[in-house]
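Visitor: Each chain, written out:
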Amino acid sequence: MIMQAQSTEIATQTRAIVEGLKGLEGPLLPILHEIQEEFGYVPQESLPVIADELNLSNAEVHGVVTFYHDYRRQPAGRHVLKLCQAEACQSMGSDAVADRIKRLLGIGFHETTLDGAVTLEPVYCLGLCACAPAAMLDGEVIGSIDENVIDEIVAEVRK
Amino acid sequence: MGLVQEIDYGTPASKSENMVTITVDGFDVTVPEGTSVMRASMEAGISIPKLCATDMVDAFGSCRLCLVEIEGRNGTPSSCTTPVVPGMVVHTQTGRLKDLRRGVMELYISDHPLDCLTCAANGDCELQDMAGAVGLRDVRYGYDGENHVFAKTRGALNDSVANIRYMPKDESNPYFTYDPSKCIVCSRCVRACEEVQGTFALTIEGRGFDSRVSPGMHQNFLESECVSCGACVQACPTGTLVEKSVIEIGVPERSVVTTCAYCGVGCSFKAEMRGDELVRMVPYKDGKANRGHSCVKGRFAYGYASHKERILNPMIREKITDPWREVTWEEAFAHVASEFRRIQYQYGREAIGGITSSRCTNEETYLVQKLIRQGFRNNNVDTCARVCHSPTGYGLGQAFGTSAGTQDFDSVEHSDVVMVIGANPAAAHPVFASRMKKRLRQGAKLIVIDPRRTEMVKSPHVEAEHHLALRPGTNVAVVTALAHVIVTEGLFDEAFIRERCDWSEFEDYAEFVSDPKRSPEEVEKFTGVPAEEIRGAARLYATGGNGAIYYGLGVTEHSQGSTTVMGIANLAMLTGNIGRKGVGVNPLRGQNNVQGSCDMGSFPHEFPGYRHVSTDAVRETFEKLWGVELSDEPGLRIPNMLDAAVEGSFRGIYIQGEDILQSDPDTKHVSAGLAAMECVVVHDLFLNETARFAHVFLPGSTFLEKDGTFTNAERRINRVRKVMAPKNGLADWEVTQKLAQAMGLDWNYAHPSQVMDEIAATTPSFAKVSYEYLEQMGSVQWPCNEAAPEGTPIVHMDGFVRGKGKFIRTEYVPTDEKTGPRFPLLLTTGRILSQYNVGAQTRRTENVVWHDEDVLEIHPHDAEQRGIREGDWVRLTSRAGETTLRAQITDRVAPGVVYTTFHHPDTQANVITTDFSDWATNCPEYKVTAVQVGPSNGPSEWQRDYQELSRQTRRIAPLEAAE
Chain C
1 MIMQAQSTEI
11 ATQTRAIVEG
21 LKGLEGPLLP
31 ILHEIQEEFG
41 YVPQESLPVI
51 ADELNLSNAE
61 VHGVVTFYHD
71 YRRQPAGRHV
81 LKLCQAEACQ
91 SMGSDAVADR
101 IKRLLGIGFH
111 ETTLDGAVTL
121 EPVYCLGLCA
131 CAPAAMLDGE
141 VIGSIDENVI
151 DEIVAEVRK
Chain H
1001 MGLVQEIDYG
1011 TPASKSENMV
1021 TITVDGFDVT
1031 VPEGTSVMRA
1041 SMEAGISIPK
1051 LCATDMVDAF
1061 GSCRLCLVEI
1071 EGRNGTPSSC
1081 TTPVVPGMVV
1091 HTQTGRLKDL
1101 RRGVMELYIS
1111 DHPLDCLTCA
1121 ANGDCELQDM
1131 AGAVGLRDVR
1141 YGYDGENHVF
1151 AKTRGALNDS
1161 VANIRYMPKD
1171 ESNPYFTYDP
1181 SKCIVCSRCV
1191 RACEEVQGTF
1201 ALTIEGRGFD
1211 SRVSPGMHQN
1221 FLESECVSCG
1231 ACVQACPTGT
1241 LVEKSVIEIG
1251 VPERSVVTTC
1261 AYCGVGCSFK
1271 AEMRGDELVR
1281 MVPYKDGKAN
1291 RGHSCVKGRF
1301 AYGYASHKER
1311 ILNPMIREKI
1321 TDPWREVTWE
1331 EAFAHVASEF
1341 RRIQYQYGRE
1351 AIGGITSSRC
1361 TNEETYLVQK
1371 LIRQGFRNNN
1381 VDTCARVCHS
1391 PTGYGLGQAF
1401 GTSAGTQDFD
1411 SVEHSDVVMV
1421 IGANPAAAHP
1431 VFASRMKKRL
1441 RQGAKLIVID
1451 PRRTEMVKSP
1461 HVEAEHHLAL
1471 RPGTNVAVVT
1481 ALAHVIVTEG
1491 LFDEAFIRER
1501 CDWSEFEDYA
1511 EFVSDPKRSP
1521 EEVEKFTGVP
1531 AEEIRGAARL
1541 YATGGNGAIY
1551 YGLGVTEHSQ
1561 GSTTVMGIAN
1571 LAMLTGNIGR
1581 KGVGVNPLRG
1591 QNNVQGSCDM
1601 GSFPHEFPGY
1611 RHVSTDAVRE
1621 TFEKLWGVEL
1631 SDEPGLRIPN
1641 MLDAAVEGSF
1651 RGIYIQGEDI
1661 LQSDPDTKHV
1671 SAGLAAMECV
1681 VVHDLFLNET
1691 ARFAHVFLPG
1701 STFLEKDGTF
1711 TNAERRINRV
1721 RKVMAPKNGL
1731 ADWEVTQKLA
1741 QAMGLDWNYA
1751 HPSQVMDEIA
1761 ATTPSFAKVS
1771 YEYLEQMGSV
1781 QWPCNEAAPE
1791 GTPIVHMDGF
1801 VRGKGKFIRT
1811 EYVPTDEKTG
1821 PRFPLLLTTG
1831 RILSQYNVGA
1841 QTRRTENVVW
1851 HDEDVLEIHP
1861 HDAEQRGIRE
1871 GDWVRLTSRA
1881 GETTLRAQIT
1891 DRVAPGVVYT
1901 TFHHPDTQAN
1911 VITTDFSDWA
1921 TNCPEYKVTA
1931 VQVGPSNGPS
1941 EWQRDYQELS
1951 RQTRRIAPLE
1961 AAE
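Residue numbers (the numbering used here), protein chains in the order written: chain C, 1 to 159; chain H, 1001 to 1963.
Same shape as in the complex, but just chain H:
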């Protein structure tokens, strides 16, 4: 297998279309104008020695190692900063260059420790490689002079005194170390932090020989502004910044390219292995979603895969109060099959169902819905997209005809105005945020619509032109007011609308939004957004060039989520911002495969490819293949399943990789539903919260342990590749298959590729997708079929998928969840960078050093009124329930609004949230809850009881001794 070696061209690629030919060491090479001599040489296969250059960042020209001679020019210019000129004749290796390079290298090594054999970077060190490349044989300067290498130095009287230049190793970051004594001050880390990540957490302090890399203001990494994305570690050419896992294990020996299993960005990584031990995850430069970048989760937070709490054996228990009993796989499958059959016999065919996972692969999701449709013979399948982006599917489907984002991530490089609504990509989609920030630093303008002053609103070198800090729950009013301005001020794109949309529908919509009661001045009264801000934002979006909208759960998780999505679609159609690079409507999907799980027919009313179950032709396709008659009635959604369970008509459920008890709203209702069921089967890595109510636990496998595909937010189908054998013995798709076999189904997939072949054969938008094709293409974006053989980076290029774009009236209807004297504040929820979703994975990694508990953000004014100080325990009460957590006083939130995250089970923010939901899709209204906040003495009684209950329901019986 070996390591996947990526060529480092030294400087970024030029995007010019004019080609230039030069001669390097006698070879002709043709490259785009603007390419550096260094990159051109590398293209010709000639590698010029270098230290400060790497192709992820711009040329810097500081190491003086990449010098070349150019005929007709004086001196020895650095090849990284010299652009090619037609006819240029370059020599990369001459006597003069050899001397110079050796001399420079000698100086570097004179202030660098000679501990190569025991250095963690041994074998993976560019300094070492360059010493070899230039033929360094001797360092004449010795180590007695001033240096940064030794903690003690020789004093005037030949005694040993502390070396003031020496800085000890910084081990504060849990994932990597910074050893200043090995630093050659090439600035690669500083530039990576600035140019790639956009955090600007690093600098070079001092000057001359005093120059040192400094996180923050001479702080350690953990205290500084560092977000631990790992870009600096990747950029470091020495052992100065190195992963702790490499220090512990050693350098990797093989690597497999795979796809990250955290958020919907879908970054490509090289999983670098030694034997079956994962040494590190390194972002893959050819990954089209991330282009070689990463965040703290994907890069470092994989420790959960080998966490001690991971369950590796199937378990059964009669009652949820019993301890778990470990059983064989066969026993577990037989038990589930007989229980499900018994329940269906007793209560009817509709009495069982299942939930697919947005964390699992497309193939696994497809199999779970197939099991339910073919094996259970009903449509009782749903997925966690219900609670996040179901309004996106519905809203965009109605307006455009496809239930997905319109662009690829590269598109943002062509945007002039970016509007971010109800999303905080810097925390939840950090790699995309970095790419967006890069564009913003180039001059694109930013509009943020969010109740909270997120990192996107203001962070170094990024500042939103307009921040519309609306009251939670008033999205529709604000979005419609934007349309009001665009229509009444005549800023709409008439040619686009006439050509691509239905003009009479536009006229109807224009009349609707023009109503003075939808003007910014009117909506200001209840949204809290100054009318001038709305007008300014509307004008900027409509007239500022390519306008792109990115939105998140702050849009969808409302009682009017679907309406807001349609309102957003209307904005794009009004301004003609759809169907080309740099524009579009882009949902930022939360989970790695939430797009895929929706595509794969996880909804109770849809077969794979968003085709309604009542469509005869589609049912026929599957009936012929699966050999059973399929139900044409939509099945139950998650909330309906729980309702039916409480009523007594729904008795069994198979839940793959989702923790509905923690992630779904109104925890008490969820637990009542689960408790009412007779056979709850949880298929997961850990005994999650839902598993407390389970009768059967099937251990799951991680993304490292299986083959498959994930589909990210840009509809990109990325390969997930197995890098190690499943620790639990079976990949998730095998578990579902064996369960299906136990239920009497004739399934014989030998590999997930065969599942993908079945998907391609039955689903037109996937027609050309196969593992072989993905191998060849790297990745493709659906639709990928005869009409679009290379996939579709941007949809609706030559017309909307549904024919004409549809304008839909977006009447603002205030949510029923209202503040009043008892609950005067509005709670809204979100995420933070280091934790992911319910935290099942990230809480089991070192990421807890950044966020070990959920806190309540509250405005100083509200805090003062209630006598709350920073760090105090506070009680958070809503109509649904109460919990306690610590307060953080900040003006990031407006007065009247409080904010928290839902990463930790002992806070259980969803005890607070209500069961209001989107009118069209039942997506819960997580983002608006009327609450009261008051001082508290500590965790509530409920939370203490919960700890005990949690322990009780997670007991595993010790194995009986063998006879």
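Here chain C stands alone, though its shape is the one from the complex:
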């Protein structure tokens, strides 16, 4: 019953969000952003509601959601750490940075620590190539990552 209540709630909230934004030109992406903002991820239960409201098929909405990696399909940890894995950062040792962080946190990419503290994700270019290797923690960019910075990041997310 609790599950059910939750999904009706999601549907209701989704409908409210869609109502507010459906007048935009090309409203689907802004709606999905807003939903991610609201729930912390894009719940599956939202998708048929969006499809119905925008008069799209379920398949179309699914296609768009799965196309963009930034739309999260499960709730994330309290912090989200994105490590840049694009060419410039790779040339500056981002692989080693990623390995070390993965080891320290005990998780891989697209995973969340058991205590729900942090979710680790790869990202492909933050536009910070001049300060590679780069990362982004909860929306704040961090450049020139070395071992000290890694320790600071890990300490921060473990707080």
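Among these hints, one or two may not hold up.
To be verified - Facing chain H, from chain C, some residues (calculated, C-beta under 8 Å):
{"id": "1", "residue": "Asn55"}
{"id": "2", "residue": "Asn58"}
{"id": "3", "residue": "Glu60"}
{"id": "4", "residue": "Gly127"}
Stated by the list, open to error - With a straight-line cut-off of 25 Å between C-alpha atoms, the simulated DMTMM-like cross-links for lysine to aspartate or glutamate are:
{"id": "5", "chain 1": "H", "residue 1": "Lys1438", "chain 2": "C", "residue 2": "Glu25"}
{"id": "6", "chain 1": "H", "residue 1": "Lys1818", "chain 2": "H", "residue 2": "Glu1522"}
{"id": "7", "chain 1": "C", "residue 1": "Lys22", "chain 2": "H", "residue 2": "Glu1195"}
{"id": "8", "chain 1": "H", "residue 1": "Lys1308", "chain 2": "H", "residue 2": "Asp1852"}
{"id": "9", "chain 1": "H", "residue 1": "Lys1438", "chain 2": "C", "residue 2": "Asp52"}
{"id": "10", "chain 1": "H", "residue 1": "Lys1445", "chain 2": "C", "residue 2": "Asp52"}
{"id": "11", "chain 1": "C", "residue 1": "Lys22", "chain 2": "H", "residue 2": "Glu1455"}
{"id": "12", "chain 1": "H", "residue 1": "Lys1458", "chain 2": "C", "residue 2": "Glu37"}
{"id": "13", "chain 1": "H", "residue 1": "Lys1152", "chain 2": "H", "residue 2": "Glu1195"}
{"id": "14", "chain 1": "H", "residue 1": "Lys1169", "chain 2": "H", "residue 2": "Glu1205"}
In case anyone wonders, no lab produced these hints; they're calculated from the structure.
C-beta atoms are modelled at their ideal positions from N, C-alpha and C, and glycine is treated no differently.
Place chain H on chain C using the hints.
Guide: Chain H in isolation, oriented as in the chain C frame:
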């Protein structure tokens, strides 16, 4: 014979009239502006390698195989997305292109299984063809890397681990499979689903190497929004989407172009055969009704033709309680002939009659009515159009002078406003619905008048501007209120009316509709439609550009069916929406040949071509040819035949291909009539419900087993071609002929073409039609004669057939079937996509996975009041009878209205329907029945008894052992 090969031009044809000349590999080719380089090359006979392009969908430019070099341009543009420009010089094969294509192909094959020899698409695979075309000889990348091909992959320690990218085969759809491991993600299926079918059930999920075709939201095909039209299977260039029949049998070796035997759209199909086994039905791109599209019924639901319940031998029994006895054809014919003669001797010439079939060919229908008129010497012939579109024949005949739709299906491509009344094309005429939806997506506006929120009202990318959800039975009031708005707001087309109609009749009609009691505000009180919606719809239809009306049985199957048809004709005349492309009045006819059966003189008062039996000149034509004197008195209609049977004056009937017990209203009355007869002859594929009351059963042949023609809803005469020998030994026309011969008639048709020649010789609107001419033209739309040698796609172009268009007053008279305290709800009936009519065919196919029982749609409010939950058994009671079925709670229906389908005999919705009927034509009022709904424990006693009775009356005696 061989396979009928259709050229795939890669991109759709351009409709421009400006011509452009380009040079392809040194050859000049002239094509319409807007044509792609790929199509232009194909027109010149040069086929550029391609994978993601096919001419049913727009160019996409993703496969990178169709690259060309164009002089004066940089790079290697894709030919499918590059339009022609005058003077363009194109090279399709250069060293650079060869390398590029081979490289691209190598990448495709590096993520595709190499199991060609055991693949179902072997020999019918464009990927295979392209590998050959580009000269692929080696794949350097190996298969050890990431792939979608293998279920297991090699792990880090050289061990075997599950491949997370691999997706197993989806076999959920009964007719085709989806094998993601063979998919090259060309998007053809996704685009076919969107552009051709308009369902949008498929998408590409993920991105980059993760991209996969996904039905719905990563569901299987059956769970998704897929309607199983087969467009994706047809579009797939690999073995990813492939018919299960091809997997089982193998690729076909020959094909015959024929016409689908389901609804009145009349789609052209290639019946693809291996030997005498049907491998698959593939829509034919040159078919002018469907333009290469299909639906789940025509494309896949042909399994009934070889179903085990099909009867292949003639059978006789003395009493309907006896088991059937198999006999020879000769014995059966002799028995019927002697029985019919005996009855006529005993009870008089009028004591027998017959019913023609809207499922059979024009030629067969013509022969049955000829047998009755020439052999029985009376006019006791009727057809199932009585119970569907007889008001159309009457109403349009009165208003315009022709008893048929005014347009061809292509016309919808030019419509700006489409008004759909009492029809749900998405379920009952799906291929036309797809064509209509395509136009709606281009911006045409839609008005729906229907008690139920059908798929047309709202489905992805289609939304009706106005949905007039009226109370069942109030069509006339709503249609007249639309006219009220058009007249009182001055939106009518005066020039058109003055030129094409009788002005004084218009004035009379205008005065009639202007009466304030016919205003939207007044009719809102009993139709339940908000006045503003009616006003909005009227304004849109009158002023929105080309306005076309499409209507169905929701218009005709009422006590005022004919009046509504006339009201619709009035709307078209008021607004000048008749006589050109994009407009018109179009009945969506239910059965494949219901138009044809009406044309062929199936009504008791009309000879072929809608000529009254009292017309001396017409009778003379047939009397001279047939050598007998013909009756000038109209014969009995189906309900009159049954009445006469109960009274004792009607004793024998020959019913070809119609199940009147299940399809006609008031089942109890029908069964009483049949039970009273002494010789009921049923000519059908199956022991249908009517056959339970039969004394003689003549096995029928399917549309695959005979030659002939069907006439679809747009008056198009399409050829039906024999693709296999009749399993029962005789085509239906031969059965009627042999029966006629047994009755002493001198009939000697060697082929249905000779029947068509007789029709053409006697019926002016068919004068130029012959099989030879159809062969040459593909198909023609009647009238087809000296005046219109190429047929008539749009009628009433330069004036109405009857002279001046006739405005007729349309007074709303509420039906006698009224709700009250005992029966507070209104039941209306309809169809769903996967089933067809009484279901005799579709129930005997895999289509039952979508709909295995009829359910009752009921509004949550009504359900709650009665304590009914989703899926509960409910008892449905009317003044006529009761039945039980399961409830489905939905707000598709308004409060006070319930809805069901009539596809399954064990529900027998027509036990409920009453014997009220159209005032002009006796078309039964299926669409309005006052009912009560209450909880129930399960099937009623009647339904259980019925099961047993059904079994009892269908027994066939085992053959006696040979001596």
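Visitor: All the hints need checking, so say for each whether the structure fits it.
Guide: Against the structure, the hints come out as follows:
Proximity of Asn55 of chain C to chain H holds as hinted, the smallest CB-CB distance being about 6 Å (cut-off 8 Å). The interface hint given for Asn58 of chain C is met, as the beta carbon of that residue sits about 5 Å from the closest beta carbon of chain H, less than 8 Å. The closest approach between the C-beta of Glu60 of chain C and any C-beta of chain H is roughly 6 Å, which is under the 8 Å cut-off, so the hint is satisfied. Annotation: Gly127 of chain C was flagged as interfacial toward chain H, and the flag is violated, the nearest CB pair being 20 Å apart, outside 8 Å.
In summary, the hint linking Lys1438 of chain H to Glu25 of chain C is supported, as the alpha carbons are separated by about 22 Å, within the 25 Å threshold. For the hint linking Lys1818 of chain H to Glu1522 of chain H, the alpha-carbon distance of about 20 Å falls within 25 Å, and the restraint holds. Note on Lys22 of chain C and Glu1195 of chain H: the hinted pairing holds, with a Cα-Cα distance of about 24 Å set against a maximum of 25 Å. With a C-alpha separation of about 19 Å, the suggested pairing of Lys1308 of chain H with Asp1852 of chain H holds against the 25 Å cut-off.
This hinted pair checks out: Lys1438 of chain H and Asp52 of chain C have alpha carbons roughly 19 Å apart, not beyond 25 Å. Between Lys1445 of chain H and Asp52 of chain C, the direct Cα distance comes to roughly 20 Å. Compliance with the 25 Å bound is thereby established for this hinted pair. Between Lys22 of chain C and Glu1455 of chain H the alpha-carbon distance is near 22 Å, which keeps this suggested pair within the 25 Å criterion. For the suggested pair Lys1458 of chain H and Glu37 of chain C, the alpha carbons sit about 30 Å apart, so the restraint of at most 25 Å is broken.
This hinted pair does not check out: Lys1152 of chain H and Glu1195 of chain H have alpha carbons roughly 36 Å apart, beyond 25 Å. Straight-line distance between C-alpha atoms of Lys1169 of chain H and Glu1205 of chain H comes to about 17 Å, which keeps the hinted pair within the 25 Å bound.
Of the numbered hints listed earlier, those contradicted by the structure are 4, 12, 13.
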